[in-house]
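Trainee: 86 is the number of the first residue of the sequence shown in our numbering; add one for each residue after it.
Be a bit skeptical, because a hint or two may be false.
[Claimed, not checked] No farther apart than 25 Å at their CA atoms in a straight line, the calculated lysine-lysine pairs in the DSS-like style are these:
#, residue 1, residue 2
1, 548, 599
2, 318, 341
3, 446, 497
4, 488, 505
5, 242, 318
6, 544, 505
7, 338, 318
8, 446, 536
9, 426, 318
10, 497, 542
[Stated by the list, open to error] Distance windows between CB atoms, simulated:
#, residue 1, residue 2, range
11, 326, 546, 56 to 66 Å
12, 350, 579, 19 to 29 Å
13, 211, 488, 30 to 40 Å
Worth flagging that the hints you see were computed from the coordinates, not collected in a lab.
Nothing here was measured: the structure is a model prediction, and the numbers come from that model.
Just so it is clear, CB atoms sit at the ideal spot from N, CA and C, and this is done for glycine as well.
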Amino acid sequence: MNKTLLALLLLPFALRAELKLPAIISDHMVLQQKQANPIWGWDTPGTKVSVSFSGKDYTGTAGSDGKWTIKLAPQTANATPQVMTVTGTSKREIQDILIGEVWMCSGQSNMGFTLVEDWNGDLEAAATDLPALRLVTIPLVGTQDLQTDYKGGENSKWRAATPATSLRFSAVGFLFGRYIQQILHVPVGLINNAWGGSSAEAWVRRTSLQEDPRFKLLMERTVKQENTLLSEKGKADFEKVVADWKVAAAKAKADKLPAPRQPDDYLRGNHRPGNIFAGVVYPTLGYGIKGVIWYQGEANAGQAYEYKSLFPFLIEQWRKEQGQGDFPFYWVQLADYQAEKPNPGDSSWAELREAQTQTMKLPNTGQAVIIDLGEGNNIHPRNKHDVAARLVRWALVKDYGLKMPYRSPEYKSMAVNGNKVTITLDLFGSTTLRPFDVAEARGFAVCGEDKKWYWAKGKITGKDQVEVWSDEVAAPIAVRYAWADNPVFNLFSNEGLPVTPFRTDDFRMVTQPK
């Protein structure tokens with residue numbers, strides 16, 4: 086077959102080539118104000134592409150892979166719907182575009198927890214008719230192959246917040262965004278990509294983890310598990326587990342009982358390093374955002390020592406990948422959970438909280454402390470309103486210039502005098518400490534050289550100081566506060582923000598590999 090004949094045969098396919106835009110760039114979207122936002126898509130290689138928006142024209146060219154990218158000039162917030170026209174081998178018009186503040190809502194199930202599940206979710210949704218608040222949920226795809234786009238149902242398209250659309254959106258994300266929209270009076274866009282039960286390592290590009298020696302053990306565990314599951318025996322074992330589950334699920338349905346949980350597929354799931362980054366984060370990478378709110382950590386509690394490096398690494402990598410500098414990144418610290426322990430001691434959940442607190446060493450980061458909002462027998466506490474309220478304070482103060490309390494008190498220093506220890510806290514502008522319910526400050530434990538912990542009595546001795554002691558410890562060397570899976574404590578700032586859990590010791594962590 087000669088080249089001329091081949092070209093004629095392929096001509097109909099070339100003529101059918103069309104401009105393609107990613108799903109995230111679509112009708113009803115919100116563009117981030119005051120920054121140059123990328124608009125991208127695909128077309129026949131070499132095609133000249135033009136974008137017209139808000140009275141300005143932009144041009145670009147599809148590369149050898151067909152991808153083109155154009156950056157829009159920065160604009161201020163605008164609640165008047167606008168149309169964007171994109172022209173290449175074909176033409177697309179994107180309708181009803183607003184300009185305002187865009188936040189990504191990421192993490193695991195407590196971020197994915199929908200508004201309808203909140204204690205007052207039905208009321209919150211019923212009171213919602215906010216055309217300037219837009220919502221989109223990214224489909225959950227776990228893969229090692231970088232996905233350039235995503236496909237999904239109605240929830241995966243930009244939609245205005247209404248009583249119907251709000252109910253199935255992230256409760257924390259929705260309430261966070263609604264505060265910003267109603268306080269600042271600008272459009273707000275919320276991108277929900279939370280995946281229940283997900284591990285932090287799944288949210289990071291795999292090659293980045295492989296290249297960092299701090300995660301050598303993590304990647305060795307990963308490769309070992311992959312080799313096991315990809316073996317013939319591993320495949321057969323998983324097929325049997327799935328088959329057994331299908332039988333059990335069918336029986337449960339026949340008996341009108343809840344279906345058993347579907348078996349986890351590690352290879353395509355939410356724990357394998359890189360899986361969520363490739364399948365969920367990468368398809369929207371580059372879409373202009375103001376910042377990220379994050380609610381995750383439960384899945385990594387058993388590896389809190391590793392999380393001390395992994396969590397800040399995740400933030401740094403996301404900022405590098407997004408290419409917007411050190412954008413704001415605010416997270417929710419782990420809530421109180423599980424049974425209350427009668428004696429003080431070690432706790433993996435407390436160590437994970439410490440890792441989260443220490444991550445605030447990174448610029449433009451912040452933490453909402455919620456150790457008073459959890460439920461001991463429910464890993465998904467239903468009061469998400471107060472969680473969102475504490476989280477949004479960070480954004481309102483640090484990013485939007487409001488003046489209000491926003492940061493929980495944190496440990497500052499200690500001084501030992503005999504058998505008593507004076508703890509000084511940083512109140513971050515609060516007037517004083519406030520013990521809840523009773524005058525005694527509760528939640529403290531002390532130890533001596535034997536490293537045996539005893540509950541301590543506490544007394545507020547100044548606006549930012551607490552004196553603690555135990556009759557069992559004559560010469561205390563260290564103090565811990567709210568150091569438990571489900572701590573019993575009662576210290577708050579005068580404005581109602583709980584004191585951040587802390588320890589003054591540097592004893593070996595129980596989650597530290599041996």
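Trainee: Which of the stated hints cannot be reconciled with the structure, identified by number in ascending sequence?
Mentor: Those not satisfied are hints 1, 2, 4, 5, 7, 8, 9, 12.
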